[in-house]
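Engineer: As a plain string of letters, each chain reads:
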Amino acid sequence: MTRASSLRLQILLAVICCFMVSRAVLAADESRPIAIRGATILTMTNGTIENGTVILRDGKIENVGKDIAVPADAEVIDARGKFVTPGLVDPHSHIGVYSVPEVTAHDDGNEMTDPVTAQVRSEDAINTDDPEIARGVSGGVTTVQILPGSGNNVGGWATIVKLNGAQTVEEMKFPNAPPSMKWAWGENQKSVYRAKDKAPTTLMGEAAIVRQKLYDARNYTAKWKAWEEGDKKEAPPERDLQLESLAQVLDGKVRVNAHSYQVNHFEALFRISDEFGFQIASLHHALDAYMIAPEIARRKIGVVTFADLWGYKVEAWDAIPQNAYILWKQGVTVAFHTDNPVIGQRYYIAQAAFAVHYGLPDDVALQAVTINPARILGIDRWVGSIEPGKHADVVIWDGYPIELRSRAEKVFIDGQLVYTLDDGFLPWKGRPVGQFTR
Amino acid sequence: MIRKIFLGLFLLVFPATLMHAQSVVAIQGGKVLTVTRGVIEKGTVLIEDGKITAVGGDVQVPAGARVVDARGKVVMPGMIDAGTRLGLVEIPEEQTTVDSTEYTEPVQPDLRVMDALNPRSELLRAARAEGITHALSTPAEGNLIAGQCAFIRLDGETVEQLVVKSPAALLINLGEASKQTYVKKDKPPTTRMGEIALVRQAFLKARHYRAEHEAFAKKQAEGKTEKGSKREEDWKDATPPARDLKMETLLDALEGKIPVVVRAQRVSDIETALRLAEEFGFKLVLARATAAWRLAEKLGAKKIPVIVGPIQEEPSRMESLDTRLDNAAILHRAGVSIAIQSDSDTDVRELPFAVEYAIAHGLPDDAALAAVTINPARFFGLDERLGSVEVGKQANLVILDGMPFYVKTHVVAAFINGKPVDLATHQTELYDFYKKKYGIE
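Line by line, the protein sequences are chains A and B. So in the numbering used here, spot 296 of the first sequence is number 296, and the numbers just go up one at a time. Take any residue in the second sequence, count from 1 to its spot, add 1000: that is its number in the numbering used here.
With the rest of the complex left out, here is chain A (with noise of 0.2 Å):
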């Protein structure tokens, strides 16, 4: 053996051994568990806990309560007077399809060529780089759903995504998450398309052209029925995408997210899900949807709604920011959102403040940005409230959330410190682009 491949050969052991330790490090790091004690505990669905403590492990809550026991090993951090919640839940966000700055080359939340476009998918345009994913961490998100725009009456597929700063979308897929599809009713799909001259450019167009398109997927899955019933011996009918994606729909597999406005615009939604039989899972933005309350609460269909963004626009114009209210007292399961970039993903908690100014009691606003919008995406067996099992996804508050002064002063995400108030975003620490969570 020559000098240098001595050499080599101890560098590498080096290298190996750093290796090893580093994850021997790594991993006792990752099992240890987290105590957070002394805060009040705000759990969405089991009341307020005063001076209590949330044990995480193995990136889920291991355990909550007031007098609980803390593992002898357990890494504890003092969090008197500070408020837990669990992480945000944002059920209808463009993050990472409209990145900031919103400048042409980031335009990828709209396929407006064709009014339904429900082959696309908004996990093939997620730009993971977006800033507004430290900013909405450092806002206490966690959770967020990113849906395509509103330019097309069925607008794609939506991913719903832990926001942990991971490189790749495949990494910040939330596991096992229920297909859901984004449809739009109302003014944006009129605009759009009379712009291009084409239709829609009428309520009467939008029902028309949707309610062709479901004919066809179910022709479409008929004829696949017949080839698959029949001997074979036919080459197999062409996949079509869209098609398939709306045979879905018609199948009852997907979780249907329908932006709409009016009055007007729900009644025709609502039609087209009693004609071909499938459940409307929310309705989205709804500003108007107080009005037929006790209609929505018999459907049992979900609202995601603004705090108040009222007047931009004509279907805007009766919104009242206590819509979530009313739906509340009728019994509607009701969440907020960003619509991110129409408000900035980290100001997604005074959408529950600012509800709680018009009227709405502070426990169901919070329970609207967290367990409520779980509900309506399907995934509350997993995140929106602080109980055993659940994912380890926690912030801690400075002061009381609902309160505007208020500022997240640790975000965890499965488990994993992903933000403080000193130190920003930490899986972006240190990278040259700026993390903008100032």
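Hints in this document: simulated from the structure, not taken from any laboratory.
The following residues of chain A were derived to be distant from chain B, with all beta-carbon distances above 12 Å:
id	residue
1	Ala74
2	Asp216
3	Pro236
4	Trp382
Stretch-level coverage of chain A by chain B, calculated; a stretch enters the list once three of its residues show a Cβ under 8 Å from a Cβ in chain B:
id	stretch
5	284-294
6	311-321
7	326-332
8	403-409
With a cut-off of at most 25 Å between alpha-carbon atoms, the simulated SDA-like pairs for lysine to any residue come out as follows:
id	chain 1	residue 1	chain 2	residue 2
9	B	Lys1408	A	Gln330
10	A	Lys196	B	Lys1185
11	B	Lys1408	A	Glu403
12	B	Lys1435	A	Tyr358
13	B	Lys1408	A	Gly399
14	B	Lys1246	B	Glu1105
15	B	Lys1408	A	Gly47
16	B	Lys1435	A	Asp362
17	B	Lys1185	A	Ala195
Using N, Cα and C, we set each Cβ at its ideal position, and we do this for glycine too.
We have chain A; now place chain B onto it with these hints.
Structural biologist: Positioned in the frame of chain A, the structure of chain B alone reads:
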């Protein structure tokens, strides 16, 4: 019977006193945030003929005055939003209702916001219901020299009643939006270089215009002194140089009669604004000023007033990447006098929440209060009439059920020029209807 006689006698003897007393309003027992003279814990404010006539802890309330019980409440001046499009825009996405965007040529100092204001706008009601009683109404961004701003009160049946001061300022928009408008039209300016060349040329032209008019006036005066001479004949019927509305407004700015609000976001645009102000000597008020924190010391040293906001600005443009929530706090610490604007139309009513964010990120409470009261009044030369609870000022007051800007605080009453204003809005009216319909408390 005796009572009737007594009443008749009273009315006969004291009509003047009675009339007088009835026109006096006493807001009694509230915590008064005077802004300029500290806080009076249990204070009384007297309003007479639209003006504040007394403020203090032991004010004698005249017999017969209408007493407003403000015990347990907070009394403060009505808030001033230093940058809005109120009265110019009704539904932002419906062009027929938008009068803030005259994007037909880049140099339009002759445009007056006053000529487009709509006193019937719902947006005025929505804003004042949250305690905003006054605002600067400005043209939108997207035009370079965009026109003359109006300072308005949010109460009035007519434009005349709405306008407090017009012109209150000339508006210049630097940066991305102004060039974007003309990139689409394939006309200058399409770059920042083009923008500034146009602005400088316009001010130089205004100087020349002044010189021409002064020269004509001088010659005419000289001609008149030479009685019976041929020169008098020459000048008697001479046509003066044509009046040019654009130039006249620019001259008002050059002569310091009105301030120039320059909207600028990134560092270079703010520097440009300073350079222009130095070259032409106009009174500069910076607005939006996203990256002003990077130049805080300089702005403090030069005593440039700054209108910050929207506070919750996103890094949504290349020129807004420097946005940060403590911009206002950093400027304040550097000695800069700041005001806060919503820079909005339909969301003006959220101004108090924006102020709360500035406080959360380091702006002291008293500085925050000044930023939406006395400071904007000063910027537009109205601080002798508005912006604080002081004797002699107009009675623009709001009564709150808690400390201002706090999310659980509500406006319980408001006065503009001493007149109680209706706090109902399109939204409260809808809410009342549906609340009743569904039997909701």
